[in-house]
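Asker: First to last, the protein sequences are chains A and B. Residues in the first sequence are numbered consecutively from 1, following this note's numbering. Residues in the second sequence are numbered consecutively from 1, following this note's numbering.
To be clear, the hints were calculated from the coordinates, so they are not data collected in a lab. Treat the hints with care, since some could be wrong.
Chain B regions said to be covered by chain A (calculated; three or more residues, Cβ under 8 Å) [stated by the list, open to error]:
hint	segment
1	12 to 19
2	378 to 389
3	554 to 563
4	723 to 735
Straight line, CA to CA, 27 Å or less: simulated DSS-like cross-link-like pairs of lysine-lysine [to be verified]:
hint	chain 1	residue 1	chain 2	residue 2
5	B	LYS14	B	LYS132
6	B	LYS282	A	LYS247
7	B	LYS740	A	LYS258
Idealized CB from N, CA, C, for every residue including glycine.
Spelled out, the chains give:
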Amino acid sequence: MRAYVPGYEMLAPKALDEALGLLAASPETLTPIAGGTDLMVLFECGRLPEGRYLSLWQLDELRGIDITDEFVTLGALTTYRDVRDHPLLQAEFPMLCAAAAESGAIAIQNRGTLGGNIINASPAADSPPALLAYDAEIELVKKGGARWVPYRGFHLDYKVMDKEPGELLRRVRLPRRKDEASWTHFYRKVGTRRYQAISKVCFAGLAQLDSKGAIKVVRIGLASVAPTVLAAVETETALIGQTPSAKLAAQARAAMAKDVTPIDDIRSTAEYRRHVSINLAGAFVDTLSG
Amino acid sequence: MIGTNVPRKEGIPKVTGAALYIDDMVFDELLHGATIRSTVPHGTLVDVHFEGDLPWDEFVVVRASDVPGDNVVTMIESDQPFLADGRIMHAGEAVVLIAHADKDLVARARKHVRLEITPLEPVLSIADSVAKKATLYAKDNAFKRFLVEKGSTKDAFKADGLTIVEGEYTTGAQEQLYIEPNGMVAIASEKEGVTIWGSLQCPYYVHKALVPLFGLGADNVRIVQATTGGGFGGKEEFPSIIAGHAALLSWKAGGKPVKLIYDRAEDMWVTTKRHPSITRHKTAIDAKGKLVAMEVDFRIDGGAYATLSSVVLSRGTIHACGPYACPNQRITAAAMATNHPPHGAFRGFGAPQSIFGLERHLDRCAAAVGLTPDEFRRRNLLKPGQTTATHQVIEEKIDLPAMLDLALKRSDWAKKREAFEVENAKEGARIKRGIGLASFFHGSGFTGSGEVYLASVVGVRARQGGTIEILASSTEIGQGTNTIFAQIASEALNIPYEWIQIANPDTANVPDSGPTVASRTCMVVGKLVERGCRQLVDALRKGGFLAGDGYDAKQFARACDAYIFRHGKLEATTTYTPPPGVEWDEKRYRGSAYAAYGWAVYVAEVSVDMLTWEARVEHFTAVQDIGKVIHPVLAAGQVEGGVTQGIGFALYEDVVWRDGSMINNQMTNYIIPTAADVPPIDVVFHEVPFAHGPSGAKGVGELPMDGPAPAILNAIEHATGLSITSLPAAPEVIMAAALKNAAEATHG
Ligand SMILES: Cc1cc2nc3c(=O)[nH]c(=O)nc-3n(C[C@H](O)[C@H](O)[C@H](O)COP(=O)(O)OP(=O)(O)OC[C@H]3O[C@@H](n4cnc5c(N)ncnc54)[C@H](O)[C@@H]3O)c2cc1C
Chain A
1 MRAYVPGYEM LAPKALDEAL GLLAASPETL TPIAGGTDLM VLFECGRLPE
51 GRYLSLWQLD ELRGIDITDE FVTLGALTTY RDVRDHPLLQ AEFPMLCAAA
101 AESGAIAIQN RGTLGGNIIN ASPAADSPPA LLAYDAEIEL VKKGGARWVP
151 YRGFHLDYKV MDKEPGELLR RVRLPRRKDE ASWTHFYRKV GTRRYQAISK
201 VCFAGLAQLD SKGAIKVVRI GLASVAPTVL AAVETETALI GQTPSAKLAA
251 QARAAMAKDV TPIDDIRSTA EYRRHVSINL AGAFVDTLSG
Chain B
1 MIGTNVPRKE GIPKVTGAAL YIDDMVFDEL LHGATIRSTV PHGTLVDVHF
51 EGDLPWDEFV VVRASDVPGD NVVTMIESDQ PFLADGRIMH AGEAVVLIAH
101 ADKDLVARAR KHVRLEITPL EPVLSIADSV AKKATLYAKD NAFKRFLVEK
151 GSTKDAFKAD GLTIVEGEYT TGAQEQLYIE PNGMVAIASE KEGVTIWGSL
201 QCPYYVHKAL VPLFGLGADN VRIVQATTGG GFGGKEEFPS IIAGHAALLS
251 WKAGGKPVKL IYDRAEDMWV TTKRHPSITR HKTAIDAKGK LVAMEVDFRI
301 DGGAYATLSS VVLSRGTIHA CGPYACPNQR ITAAAMATNH PPHGAFRGFG
351 APQSIFGLER HLDRCAAAVG LTPDEFRRRN LLKPGQTTAT HQVIEEKIDL
401 PAMLDLALKR SDWAKKREAF EVENAKEGAR IKRGIGLASF FHGSGFTGSG
451 EVYLASVVGV RARQGGTIEI LASSTEIGQG TNTIFAQIAS EALNIPYEWI
501 QIANPDTANV PDSGPTVASR TCMVVGKLVE RGCRQLVDAL RKGGFLAGDG
551 YDAKQFARAC DAYIFRHGKL EATTTYTPPP GVEWDEKRYR GSAYAAYGWA
601 VYVAEVSVDM LTWEARVEHF TAVQDIGKVI HPVLAAGQVE GGVTQGIGFA
651 LYEDVVWRDG SMINNQMTNY IIPTAADVPP IDVVFHEVPF AHGPSGAKGV
701 GELPMDGPAP AILNAIEHAT GLSITSLPAA PEVIMAAALK NAAEATHG
């Protein structure tokens, strides 16, 4: 272990109000910690800044999965385990369950949270593509205020978010859809190794065809192909209103080439990521044409 | 007893957590050490600065000038310092050691020692070393060269009607990734001498290195193995350095115990890995599909110091032409110096590299003469009475074509090959499937006269009540040494397995039975255990303590008691003697390279997803002859584990270098297979007992590392038509080949 343990202090409030009060008092210097599966990796290798940390683990207000006719709402502390085991999520949001089932392995799934995955803001995170495809909204809270914002647009640049210091992510909600049979979910995590892999590319595509077979709704989220997780807007625009065909698949591939701006890093190459995103865009359209 | 699955000797303490690994051991007044290292691959050390707001006067600090004896790691050559002094030869090289009782403070302080180094031009590839971009070792940067020659390839290539196939094959570094990172504890002082406890494979290697470091007598240095969580060769030579560092700190601290434990990042950054390699082949085949001439040039990246590279090169060289009959063979080989951290021992020891090149190349040769990979090999496999590249006449009663047939049958080779070809040819097939094989051998024990030089010794000691203690320096590192030694002894003495105890390797108590490497533990040291036990029984018989032919355990116990009552003790010591006919000419690199070989045919079935170019191994068949199998579960475990490591080598494991440092030195980014990436493995033992092994056993451990990579890449070529010639065959590599193929198809 490379960390200097005495250099860290951990506060562990039992209620959300108390936590927000502490954050309001030192918004710049108090860092939340949820499951710790991202932060403790930094701690172990001596790269976690010394200072004060606020444990969220005891805040029950940040837990639970609520269901209404309109939304499924997940507390920020919802773990991968909670997600992958949930019957309604399995039925209506299978790509989020797939992301949870393919994140880390069992120990990480028991501890890692949806909130942590979002706020850690890794461009390689696995649940954001599904959240983008399902058009999630997130609620940010601070002392004396709360706001809902669309998840699309939340990540502004590498590790830069539309979030104020002192704001906590409280929950995530997913709009429920009707006529499940008319929707196609296409999810693919490309990590080379089956589990315990950080994505080289992660692709989540959702589409609904109208009665004539044209694409009525389409949303595509990707990870590991840009400085932030990405909504593939060019590809979505190319597909909307069109009828799936081999020609449309080629157009989707061309559009995807414009959407992604991948880089070379320790895990893969820009070229590989570009080609795989393009192939997956084509395969998504192929799936729609049956 | 032999051939049964007795419970592991150290199984219960391991599963209950009672076994003490080095970091579990508790010492009074313990200091925690840390190593300050160069981040520059080549340079000159100018100064060391101790910075930050730290109580530096409380720290124990050791530099090269503090070394009481010789500042060299005594191994084959003496070119590597324990602490760099002046010249920096690789990133990660140790320069300064610090220790303090407060572990947290050590963690903070290690970031505040700044090394001032003037960089020099580094050499970071085999090609740059050959081109002498900088001179690192001798005149030509070669730590060692070998030439093996049989017949005349030069003349043979001149004949008419031959098909000539050339190729180049490369492999990257590979990390052993034992579960337990390296670690040592030392107590050292002028008065008390040096005692080391640690995670290690070869206690006497550490002993040999520490005696000159402190200028002490051999009796004043004692090395004790702690429970060790895996090695795979990675704890063969490097632990000597860690032990030296811990001992230097303790010496400077006046004999206080010092613990030096590496975390994963440090372990992966600085300790040894498998040697990267380049193998070039030129092969001539006649119209009947027979090998006429084979020329091989084999080069490895030795890293910054000589360490064991010459021996790794030797094994890679001897295995470079494989188990094939060919009248004209010529192998040239070189281990080159670079500014990488020294590469070292890793399961297979150079053979997986050269066998990869050969077995990939043979598939291409087969295609060039229009034969299937199996038929081409069948026509060329060695038969008893024929010779290897080193002119060794095969005297073992092997039947390689029969093993090939068995592997083909078990894997359903012919049917699958055909079915895959039909499916793959279909328009738009997204998943392509293929099947590939490799046939190979692996020499058991040390090379050539190595075992004679080692002259290993084993002791067997009887106690009151007939229990037996085996004294050997062979270490249990997870592979089952203690269990098989106890089985061999129990069989030889005809007493219960439970009566056998294995002494903990401690140089103050056990003789030098050589290092725990090279699959020699079972075949060579195990044979000494067997002989020692027989000597013991002979002593009891000669003394009249055991009468007649047979005896039972009770009679044995009574005999031991009576003998010990009369003579005070009952012990036997045995020393290695080579089997008859094992002769080796070191100068010409000719003769019996190994007393025995393991033989194998492996078949891999793969799928390749053409959307993502990810290859997966779907099924694996491993047929091998390792002589008599002593413990079927352990032996199968060796094969399954080795095949898994081989899958990692083939598809995933990629050391990413930047400025001479491994930069993916975490398990997150250095990808090894998990259980989910490992297919069903059909392990088949084709037992041909070896006359000079214990109950007929040979070595098993290294064989399964050799075959998977070429079999898998041969299967990828069968699936996709893409010829991948470098390891690992990561999706990025397969993609590059696929795009190149597609581009060539459109352009011409
Ligand atoms: C072995 C291993 C495997 C992994 N595999 C994967 C994988 O396959 N896919 C993947 O996407 N990730 C993976 N991860 C990363 C990690 O598990 C996930 O990102 C996880 O979701 C993080 O959640 P956490 O609660 O543990 O975050 P923490 O480490 O507690 O926090 C992460 C960040 O989020 C902030 N934060 C957390 N909760 C809140 C909140 N409610 N409000 C405001 N800020 C908050 C913290 O301040 C911190 O900056 C892996 C990690 C490990 C160690």
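Asker: Please name the hints from earlier in the document that this structure breaks, with their numbers sorted from lowest to highest.
Answerer: 1, 2, 3, 5, 6
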